[in-house]
Amino acid sequence: MSTKSGTGIFVASAIWAAAIVASAYLCSMLLSIPGAAGASFFWLPCIFMVTGAIWFGPYGWIAAAIGTFIGGALAGNPIAINIGQNPIPAFFANTLLLYYLFKAMKIDLSSGQATSADLVKSTVLVAVTIIVAMIAGYYLAPSLGIWGRVIAGLICIAGWYILAQSTKAAFKLDENVFKAVIAVVIASVVSAAMGAYVWASIGEMGASAWTIVFPGWAMGDIVASILGLGVLFSLTGEMKRRGLSTY
Amino acid sequence: MGLDKKNRFGMGVLAPLPRFIFFVVLSLASTFFTYNWLGVSVAGTLIIIIYLSGRIYNKLGLITCTVAGTLSFIGNIFIHHSGKTIFVIGPITLTEGGLETGAILGLRLFFMILFAIAYISVTSLEDLFDTSKSLKLPHKGQIYLMIVLRYIDLLNKEFTTLMQSMSIRGIKWEGSVLNKIQGLKLIPVPMIFRLIGHINQQSLAVDNLGGTSTLKSFINTKKSNKFEISKASATYDLSKDVSDNDLVLQNINLQFNKGEKIMLIGENGSGKSSALILSRGLFSRTIGQQTGTINVFGNNTKDLTLGELSQIVRIVFASAAHGLVGIRINDELELSLLRSKIDKSKWEEQKLKILKLVGLDETFLKRKTLSLSGGQQQRVAIASALIAEPELLIFDEVTGQLDPIGREEVIESINRISSDQSILLSEPNLNPLKFDKIYLVKDKMIKLIDKNDRNFIKILKESGRRVPLLVELGFKFSSNKNLDNIEYYLNNLKELVSKNANIKDYFLPKRRKSKNINQNIIQTENLYFSYDKKNNVLNNINLNFKKNELTAILGANGSGKSTLSLILSHALKPTKGKVIKVKNIKIGYIFQEPSYQILSTTVREELAFGPKQLKFKKDQIDKITLFESKRFGLELNKNPINLSPENLRKLTIASILAIDPDIIIFDEPTNTLDENEITKLMKIIEELNKQGKTIILITHDIHLAWNYAERLIIMKDGKIEIDGPTDSLMKDEDKLRTCNITVPNIAKLYNKYLSLNKLNF
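Those protein sequences? They're chains A and B, same order as listed.
For the record, in the first sequence the residue sitting at position 75 is 103 according to this note's numbering, with numbers rising by one throughout.
For the record, in the second sequence the residue sitting at position 313 is 429 according to this note's numbering, with numbers rising by one throughout.
No wet-lab data here; the hints were simulated from the structure.
Hints may contain errors.
[Claimed, not checked] The calculated DSSO-like cross-link candidates involving lysine-lysine, where the alpha carbons are at most 27 Å apart (straight line), are:
#1 A/268 - B/356
#2 B/256 - A/268
#3 A/268 - B/754
Based on the sequences and whatever the hints tell you, model everything.
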């Protein structure tokens, strides 16, 4: 057998980068956090960053960096802030870190394929569950202390139970999905911290970036990344068959 | 390079690289030195002057920087506290120092975004690519960026076609925000599948141009005159355990000498395209696994890099839309030349020569590949292969999207290829008898066919080929089997008919005459359309279609046929004029490029998509899904991205028929189908027509139009040039030629027969 040219992964990551440009442009223009142009409440490129990072390896990480940079530039992000808030967190946190978390946690992605209807349904449900739990945690923790966090955790578990009952055909809520969600939460929080640091230092928000940019960014990345997980669990088999997944 | 006249102001006066450097330097300076009034004032004044002198005032950009600046101002005045307190409302405290800091930071963000917009307004995607070239990015990086930039453009097109496909199948975009959200939520998943679908095709295109490796040496092809595939098997399955069932080609052998012209024939799905990719030496490198050896004129393909291999062999794929790499035509040709033996000093001359050969001119060099029509893109793909002057050229059904004159020109240019170059092709529109060897691909094997075999015509027909009329007549009614001179038949028709009465069966039209075609079902009034608000693609179109009519629309590539169809099916809104249709009728449009139409991840979902939107009952949807899948032989659980091109075409047709439209517009429905499948499809279309459906066929296939359509509409430059009954229009050869249409031999013989009859034949 001859060796593969590797063009498939190269091309795939370039196409992914183009999709990241388009989605980063839209999110930067339409969903920016007030006072932090380009830092978004809902960062759609995470769908492509999560899948690209795991399937294409280093090419996927580069795709995330190039894509978010061009998308941010096209949306008029000032260049220094653009570099600080787009390619750097996209490369180091949303993709590279995520990849190594997946490897470290030995996450198995061979759950099989789902139909698009199931895929949308289950990913939306996971995302909604997490948002509700996070909001509950955010509001309840200051007044109820540890019990606020327990209630948030229970909301999460209950939401997932309902999800497991209603979407049997979609990706199953096993330990792999659970670990994958933990991985994207960690990667998104680190990414948000990097973004908040940029807005606190060379942006114009000062310390308040940590209370405004950080939670908005983390939430936006987590929700979109979970949508990406749906695609990842459903399509990794197909991508492997095509020789397009290095994971 | 790449700048419109309107962009040659402001920062646009600078070439892409200096413009980029200027932008980076000033932008960084304005980031770090604008934390006080002096910095903001100086930077702001400079940026406003630059922005205004650019003369492009992007409305959305202005809104963005105003909103961002205002939000920054509002946020910061309450965050920063210093100096005298102005007011305190609950947790909100406003101080004089906060107000000043907020104003500075708000203005700072406003100006920085405005400056970024001033740069972007005069910088096209092509400029970004030119910047990368000037920065001397490594070759791999340049190709990477080229694909990224080309796909940004393509995504825009994909997004548009997705919305069009949804709207044709019942998604309402007009009306409430809820309608728009309902539609938009369906977009991300099909978009990801579309992107995955493009990867293989684009990877093949990149590797065909030499991949990402740099060229190190020139390949000697004088070692041997022989091309040879020996004991090769191939599969698309990349898993380790492959069974015989997974093979698409099994133990094949193929040989020919330098300079010979070889044709592959075989039914759709028989493995012709796989055999051509294998011959190109790309199969195991790009898309699958193979065994056996391929030796191209003394060079084992395994021993060559992609760059070396592309000096001696090139392939042109059937779908040009996804088979090009260059962002502009010039980039595509230069990328091709880079891996050729042609000296750089001759590149410009070579580009102009080849463009002329495929019927394009030098103005095309600066145009984006994606701005061209399907047929024009195919010409560029052919030019990209020819320009490198490889020893072996491989063509995989490349004339399907070309108009008849374009097809003639391309066939002529293929015929003119030097006698030193070999051609290996699969092409339904060429006379197989003109080739040195014909190989039949069947049951995963390849077999040499004897042109003198008395079953030759039968073999051709069984392999799904349309046998050229004159070849068939030559075999049946002439001792000279190579006879393909129409003049001979026209001059001797009287004698031939008197000797063989059944010769008439070959040219008498068999098209069905529709009954009751007097009720108007849809009409257009003074229709105009423009994509860019400058150039009209459609000019004053006035047409009416009657119920139960079968009409063919023909015209040169880029004449506006598909645009007119999209307007008729309500997927596009006319710029001026209107479409009047009978109330409550459904119109179905089947896309020219099948992948643009697909919305779902299984065949079942795709077939059910339209009926679901139209609120059909569940059992009715199940029945329709089953019926259409059986009618077209489709597996319900397959993912459309894994379907062969012909099955994808069938799925697009089936999913439109599933909504039971009253008017069905088929845009090049026979592309990628072989003759046997075309016959089956046309039977279905005739059946639909019998049931009272109005059929509009957009086609370059003049035979198809002659055989099935009662009425022909011929478009040229966005206007209706000719409209009338098929029989009478086919008599005016000169007029048709001005619209890039040729009269088929079958019509010429029929016309001659009629004229002889008038003379009491």
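Taking the hints in turn, this is what the structure says about them:
Distance check on the hinted pair: residue 268 of chain A and residue 356 of chain B sit about 12 Å apart at the alpha-carbon level, within 27 Å; holds. Of the pairs offered as hints, the one joining residue 256 of chain B and residue 268 of chain A holds, with about 24 Å between alpha carbons and a cut-off of 27 Å not exceeded. Under the criterion of a C-alpha separation no larger than 27 Å, the hint pairing residue 268 of chain A with residue 754 of chain B is consistent with the structure, at around 17 Å.
Hint compliance for this structure: no hint is broken.
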